[in-house]
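> Sequence:
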Amino acid sequence: MGDLDDLQGTSLERLGRRVRELRGDACLTQEQVVARLAGCDRARLSRIENGRELPSVHLVCALQAVLGGAGELLTLRWRAWHDQHLKELGLGEDGADEPTAGTPDQTLRDLATMAATVSRLMHHADPDPITLIEIGEDLEKVMATYYTADSDLLLSVLAHRQRQIHRALHRRVSLRVHQELRLLGGQSSYLLARLAFHIGHGANAATFAALAAQHAKGEDPLLAGSVALLQTCMSFHNGCFSSAADTAAAARRSTQPPAHPFLRARLTAFEAAAHAGAGDMAQAREAFLTLRDTLAKHPDSWMFDHTRDRLHAALTPTDLRTGESAEWHACATLGARDATQATTAGAVWAALAENLVPNNPVAAADAGRYALAVMAGSPGEAVIQRISHLHTALTRRRPDLPELDELAAMLHNARTPADR
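Going by UniProt numbering, the first residue of the sequence shown is number 1, and it counts up by one from there.
Possibly wrong hints are sitting among the right ones.
Okay, the calculated beta carbon distance ranges per label pair [said to hold, decoys possible]:
1) Arg176 x Arg42: 38 to 48 Å
2) Leu153 x Gly239: 30 to 40 Å
3) Ala43 x Arg253: 56 to 66 Å
4) Leu175 x Gln30: 40 to 50 Å
5) Ser174 x Pro258: 46 to 56 Å
These are calculated hints, taken from the structure and not from any lab test.
Don't be surprised by glycine CBs; every beta carbon is placed ideally from N, CA and C.
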């Protein structure tokens with residue numbers, strides 16, 4: 001029993017027969033087997049044993065763990081899957097790829113036939129070019145409307161495309177398509193990480209960012225730098241300042257791939273702020289001087305323009321406690337063309353509020369309330385944390401301030417929805 005060279009029946013039937021044999025050898029009933037498996041009932045096990053259903057790799061591994069078999073079930077499962085695809089493609093019949101005992105020439109011929117089959121399967125597994133174009137176009141639309149579109153809409157688009165990409169990557173696609181899918185997967189994972197962080201799901205954001213970094217590694221400087229910037233931002237807002245500074249500095253100085261010119265100012269800004277958060281003011285001021293030198297050194301772009309660099313120039317001295325510089329950059333940012341975007345305006349008002357605390361607590365509270373109000377009920381985790389720090393600072397300095405009650409209420413409302 002159990003001879004792998006038994007050629008009676010199809011490969012799927014041979015797999016089922018071997019499962020039944022191993023179950024008999026283990027003296028187990030079908031009920032006893034399914035009781036030890038997750039996601040498999042008696043009817044399904046019967047279909048598998050009768051050669052009427054191809055089990056998943058996960059289920060075959062679980063069956064091997066229960067029944068034993070030293071890996072032969074996986075081998076039989078691969079043959080059954082292979083034969084099914086041969087039939088679908090019209091390339092042969094069940095059993096055509098069975099190993100033949102004999103000379104090295106025969107073995108090589110068998111392996112060459114198998115290689116040709118895999119090559120054809122890879123070709124037929126590639127998603128059609130139109131699908132890849134549509135995925136890319138949808139991701140570009142998400143990037144272009146990220147600051148204005150509803151987060152639920154963005155999430156639905158990204159979820160659909162992410163699942164498409166993952167399904168395609170699990171198939172034997174060609175190398176060219178695999179590289180294209182990895183780039184699309186990196187972009188999609190980055191946008192999901194950014195969206196998850198914005199709506200307060202930090203753990204999920206970190207997972208998406210890690211996947212995006214794997215996709216981007218050594219391939220795309222803009223994507224790699226964007227992911228590093230997001231990871232720096234998350235570390236910074238979680239209070240892991242040393243980690244944030246190290247991530248930003250490594251990405252800014254990276255040569256594989258080199259830091260993209262569009263991202264150097266942002267990376268330097270977070271590096272400076274993170275050093276300040278860690279208490280290393282000498283390193284912080286050095287990074288801030290580098291930031292000032294970097295601001296005007298890249299071309300304008302709808303996605304990476306001088307307004308957003310001014311935003312970082314406003315936020316960074318806020319964290320370095322150099323208020324006059326921060327206020328000047330904040331005013332310049334609010335006066336710029338695209339500062340009407342809620343995310344940009346909210347972040348700048350929050351930075352301005354923090355800088356006003358020492359000299360004008362009332363104005364600081366007003367600016368903090370405006371930062372929350374201008375973002376129309378979706379302030380994002382970064383702004384919420386800044387306003388939380390603002391509220392703490394104002395409470396210590398002016399606990400009698402009437403504006404504090406309204407600021408606290410707005411902050412509470414911004415944090416309340418669990419599924420923001």
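> Is it true that the C-beta distance of Leu153 to Gly239 lies inside 30 to 40 Å, as the hint says?
holds (32 Å)
> Do Arg176 and Arg42 keep their Cβ atoms within the hinted range of 38 to 48 Å?
Once the Cβ atoms are compared, 45 Å apart, the range 38 to 48 Å for Arg42 and Arg176 holds.
> Per the hint of 46 to 56 Å, is the separation of the Cβ atoms of Ser174 and Pro258 within bounds?
violated (28 Å)
> Can the suggested window of 40 to 50 Å be confirmed for the beta-carbon pair Leu175 and Gln30?
Holds, since Leu175 and Gln30 (Cβ atoms, about 43 Å apart) stay within the stated range.
> Against the range 56 to 66 Å, how does the distance between the Cβ atoms of Ala43 and Arg253 compare: consistent or not?
holds (60 Å)
Checked against the numbered hints listed earlier, the structure breaks hint 5 alone; every other hint is satisfied.
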